[in-house]
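**Student:** Chains A and B, in that order, give the protein sequences.
Per our numbering, the very first residue in the first sequence carries number 523; after that it's consecutive.
Per our numbering, the very first residue in the second sequence carries number 36; after that it's consecutive.
Hints are computed from structural coordinates only; laboratory data are not their basis.
Note that this is a predicted model, so its numbers are computed, not measured.
Here a beta-carbon is modelled for each residue, glycine too, at the ideal position from N, C-alpha and C.
It is possible that part of the hints are untrue.
As the list claims (entries may be wrong) - Derived, one-sided and incomplete: chain A residues facing chain B with beta-carbon distance under 10 Å: (1) 561; (2) 593; (3) 656; (4) 733; (5) 736; (6) 788; (7) 792; (8) 807; (9) 809; (10) 837; (11) 883; (12) 946; (13) 948; (14) 953; (15) 956.
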Amino acid sequence: MTLRIGNAAGFLGDQLDAPRQLVQQGQLDYLTLEYLAELTMAILARARQKDPRAGYARDFIRVLGNLVPSLYLEPTPRIVTNAGGVNPRGCAAAAAGQLAQRGCGDVQIGVVTGDDLVDRLEELHRDGCPLANLDNGQPFSETRAPVVCANAYLGARPIVEALAGGARIVITGRVADASLTVGPVVHQFGWEWDDWDRLAAASVAGHLIECGAQVTGGYRHEWRDINLENVGYPIAEVDDTRVVITKPPGSGGIVNRTTVVEQLVYETGDPAHYLTPDVDVDMTGITLHDESKDRVEVRGARGRPAPAHFKVSLTYQAGFMASGQLVVYGRDCVERARGVAEIVRQRLARAKAACEEFHVELLGAGEGVPGMHEPPDDLREVVLRIAVRDRRQESVERFVEQFAPLITSGPAGLAGYATGRSPVRPALAYWPTLVPRELIEPHVDVRPASEWPD
Amino acid sequence: MARHKTTASTKHAATIALGEISTARSGDKGNHANIGVVARSAAAYDFLCQELTPQRVAQYFAGLGASSVVRYELPNLLAMNFVLENALAGGASLSLRIDTQGKLLGTAMLDLPLPRPKNLAEMQSAG
Numbered sequence: 523m524t525l526r527i528g529n530a531a532g533f534l535g536d537q538l539d540a541p542r543q544l545v546q547q548g549q550l551d552y553l554t555l556e557y558l559a560e561l562t563m564a565i566l567a568r569a570r571q572k573d574p575r576a577g578y579a580r581d582f583i584r585v586l587g588n589l590v591p592s593l594y595l596e597p598t599p600r601i602v603t604n605a606g607g608v609n610p611r612g613c614a615a616a617a618a619g620q621l622a623q624r625g626c627g628d629v630q631i632g633v634v635t636g637d638d639l640v641d642r643l644e645e646l647h648r649d650g651c652p653l654a655n656l657d658n659g660q661p662f663s664e665t666r667a668p669v670v671c672a673n674a675y676l677g678a679r680p681i682v683e684a685l686a687g688g689a690r691i692v693i694t695g696r697v698a699d700a701s702l703t704v705g706p707v708v709h710q711f712g713w714e715w716d717d718w719d720r721l722a723a724a725s726v727a728g729h730l731i732e733c734g735a736q737v738t739g740g741y742r743h744e745w746r747d748i749n750l751e752n753v754g755y756p757i758a759e760v761d762d763t764r765v766v767i768t769k770p771p772g773s774g775g776i777v778n779r780t781t782v783v784e785q786l787v788y789e790t791g792d793p794a795h796y797l798t799p800d801v802d803v804d805m806t807g808i809t810l811h812d813e814s815k816d817r818v819e820v821r822g823a824r825g826r827p828a829p830a831h832f833k834v835s836l837t838y839q840a841g842f843m844a845s846g847q848l849v850v851y852g853r854d855c856v857e858r859a860r861g862v863a864e865i866v867r868q869r870l871a872r873a874k875a876a877c878e879e880f881h882v883e884l885l886g887a888g889e890g891v892p893g894m895h896e897p898p899d900d901l902r903e904v905v906l907r908i909a910v911r912d913r914r915q916e917s918v919e920r921f922v923e924q925f926a927p928l929i930t931s932g933p934a935g936l937a938g939y940a941t942g943r944s945p946v947r948p949a950l951a952y953w954p955t956l957v958p959r960e961l962i963e964p965h966v967d968v969r970p971a972s973e974w975p976d
Numbered sequence: 036m037a038r039h040k041t042t043a044s045t046k047h048a049a050t051i052a053l054g055e056i057s058t059a060r061s062g063d064k065g066n067h068a069n070i071g072v073v074a075r076s077a078a079a080y081d082f083l084c085q086e087l088t089p090q091r092v093a094q095y096f097a098g099l100g101a102s103s104v105v106r107y108e109l110p111n112l113l114a115m116n117f118v119l120e121n122a123l124a125g126g127a128s129l130s131l132r133i134d135t136q137g138k139l140l141g142t143a144m145l146d147l148p149l150p151r152p153k154n155l156a157e158m159q160s161a162g
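Just chain A, same shape as in the assembly (with noise of 0.2 Å):
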C-alpha cells in the first residue's frame, strides 16, 4: 500500500486557501501543516508572554474552519501539523472550541508536549547540561539574557503515539519539520525505530514538502513558464521501497528532478548528514527518476542511527531593533541617500542616543546583498533603508523619532513616510544547544474535542 501525505503550509503566513484546496483535489492519507521557523517560535513566545492563551499559530484555526465539511464527512485525511507553537494545549483548546461549535466535538484531538525547555534550564544546567552554542562551543551562563524560548526538537515518535492513540487531529509543538511525516509513516507501516534506510526515507519525503509550494515550482528562478497562481502544494506519496513527489492533477506549478533537488538541499549543511532525531540520513545516494509528468521518484536515502542528543533552539532578548526607509528621488540620489542618513546618524548622536549597530542600505542600487554591487551612475531613484539595534530601548525610539522630520528639515527629493514611526522591535539572539535524549520527555494527551476545556 501507498500512503499519500500532503503538506499545504511551509511556515506561519502560508497561503490560507491552500489546506482545503490540497485536501479537496490530492486524496490524502494524511495532511501536514508546518508553521514553525526559529524566529516564529520566538515571535510566538513574545506572543504568549502578553497572553497566556496565545503563542499558537491561529492560522490553523481557520484553516481547521475550512477543513469542517471533509472532517464531518470523510475518515481522511487525518491532521498532522505543528501549530501549537510554544502553547499546544492553547492551540488545542482553540481547535478544540472551533470543532465543537460545527458540531464536530467527537474528533479526537492529540497533543504532544514536552518540547519546552524554558522553565527547566536551570534544572538543566544543574544536571550537567552546559548548554554550549552549537555554533562556537561558548557556555549558555556567560550570556545572562532573558530568554524568550527554548525548545528541542522532538521526533516522530510522540506523532506516532497520538496516532495510535486515536487522534484525528495531532497538535505538536516544536519537532522536527521531516518528523511530521514520518510519524504518519510510522505509523501506517509499522517500522521499527531502527529501521534507518526507512526513516530516511521518510525523512527525505517530510523534508522535501515541509516548505510547501518550494518543491513544486515556487522560488525558482526559471518561473516565466510555470503557473504559479494556482500553484498546487506538494504530496509524497511513500511506500516501503520507494518515495514519490508529485501534486494534484489539473494544479499550477511543477515537479521535475530540479526542483527537487533544489529542495533537498534547501537549509542543509553536510548531505551526509543530515540531522533529525528520527535518524541521521545520508542524502549523497540519493537518485531521481522522472517517472511522468509532475512526478518524481526518489530512492536511495541512508539511515544511520539517530544523534544521541536532541537539538533544541533557544532564543533571547539581545536588546531593541528598528528600521525605516524613504525614497529619494532624482539625479543625485545615491549621494542624497548617503548625506540623508548621515544626518540620522548625527542627530542621533547630538541626542546621545548613538546606536551600537547602524545599517544603512540603497535598496535600488544592489545593496540587497552587502559588498555585491557599486551602485549605477544613472540611478534616478533608491530607496534608502536604515535599521539600527541597541541595548537602550530610548536610543532606538529616538531612531524611530528621526524620519518623519527629514521630510521638512533635509534634502528634498524625500518620500514614502506617511504610515507613522516605525515600530520598535525586540532584537532576538539565536542559541542553538544540544541536550541529551533521555533528559527530555515527550507527553501525549489525547481527548475528543468536546473534553479540551477552553
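Starting from the structure of chain A, add chain B where the hints point.
**Tutor:** Chain B only, in chain A's frame:
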C-alpha cells in the same frame, strides 16, 4: 571585496555567469546561509567541480563577512551545497539587513563569473 559594476555580458566575453549553466536556491540555518547549486548537465557539473571552488564563492560573497565557506558535493544529483558560516549578521531575528535570511544569495550567486568553457553549448543542454 568583490564589488561589481553591472554590465551586460557579451557573446564573446571571456567569462560566463554561473546562471547560464545552473540554477541555485538559498536559505538560512540560524546565522549560517546555504546555497544549493544544481547544474544543468553532467558536463556543467564537472566544470563546476573544477571552477566553482569554495574560495571563489567566498571571494564573491566577501561583503557578507562569512567566517568560512564549505562546499559539499552530490554527484548523483549534479548538485553542490555551499554553506556560508556566520554569513547572516546574526540571522533572522537579529540581523539588520533587509535580507535577514539570505533569500537573495541564490539569485546573487547566478551572476558569479566563471571562465568561459569551450563546450558551453553542451553544458547548457540537459543530460
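**Student:** How about residue 837 of chain A: closest beta carbon in chain B under 10 Å, or not?
**Tutor:** 7 Å, holds
**Student:** So, as I understand it, the hint says residue 809 of chain A touches chain B; can you test that by seeing if any CB pair is closer than 10 Å?
**Tutor:** 6 Å, holds
**Student:** Please verify that hint: residue 946 of chain A, Cβ, nearest Cβ of chain B, below 10 Å or not.
**Tutor:** Given a least distance of 13 Å, the restraint on residue 946 of chain A is violated.
**Student:** Quick one, is the residue 736 of chain A hint okay against chain B at 10 Å, beta carbons?
**Tutor:** It holds, given that the least Cβ distance between residue 736 of chain A and chain B is near 8 Å, below 10 Å.
**Student:** Please check whether residue 792 of chain A passes as an interface residue: C-beta within 10 Å of a C-beta belonging to chain B.
**Tutor:** At about 6 Å, which falls below the 10 Å cut-off, the nearest Cβ of chain B leaves the hint on residue 792 of chain A intact, so it holds.
**Student:** Going by Cβ atoms only, is residue 953 of chain A closer than 10 Å to chain B?
**Tutor:** Since chain B brings a Cβ to about 9 Å from residue 953 of chain A, closer than 10 Å, the hint holds.
**Student:** When the nearest CB of chain B is found for residue 948 of chain A, is that gap smaller than 10 Å?
**Tutor:** Check passed: Cβ of residue 948 of chain A comes within 9 Å of chain B, closer than 10 Å.
**Student:** For the restraint on residue 883 of chain A, tell me whether the closest CB of chain B is nearer than 10 Å.
**Tutor:** 6 Å, holds
**Student:** Taking the closest Cβ pair, is residue 656 of chain A under 10 Å from chain B?
**Tutor:** 8 Å, holds
**Student:** Do the numbers back the hint for residue 788 of chain A, that is, is its least Cβ distance to chain B under 10 Å?
**Tutor:** Holds, about 5 Å.
**Student:** Under 10 Å is the threshold here; is the Cβ of residue 956 of chain A close enough to any Cβ of chain B for the hint to stand?
**Tutor:** Since chain B brings no Cβ nearer than about 13 Å to residue 956 of chain A, farther than 10 Å, the hint is violated.
**Student:** Holds or violated: is the Cβ of residue 593 of chain A closer than 10 Å to a Cβ in chain B?
**Tutor:** With Cβ-Cβ at 33 Å, over 10 Å, it is violated.
Checked against the numbered hints above, the structure violates hints 2, 12, 15; every other hint is satisfied.
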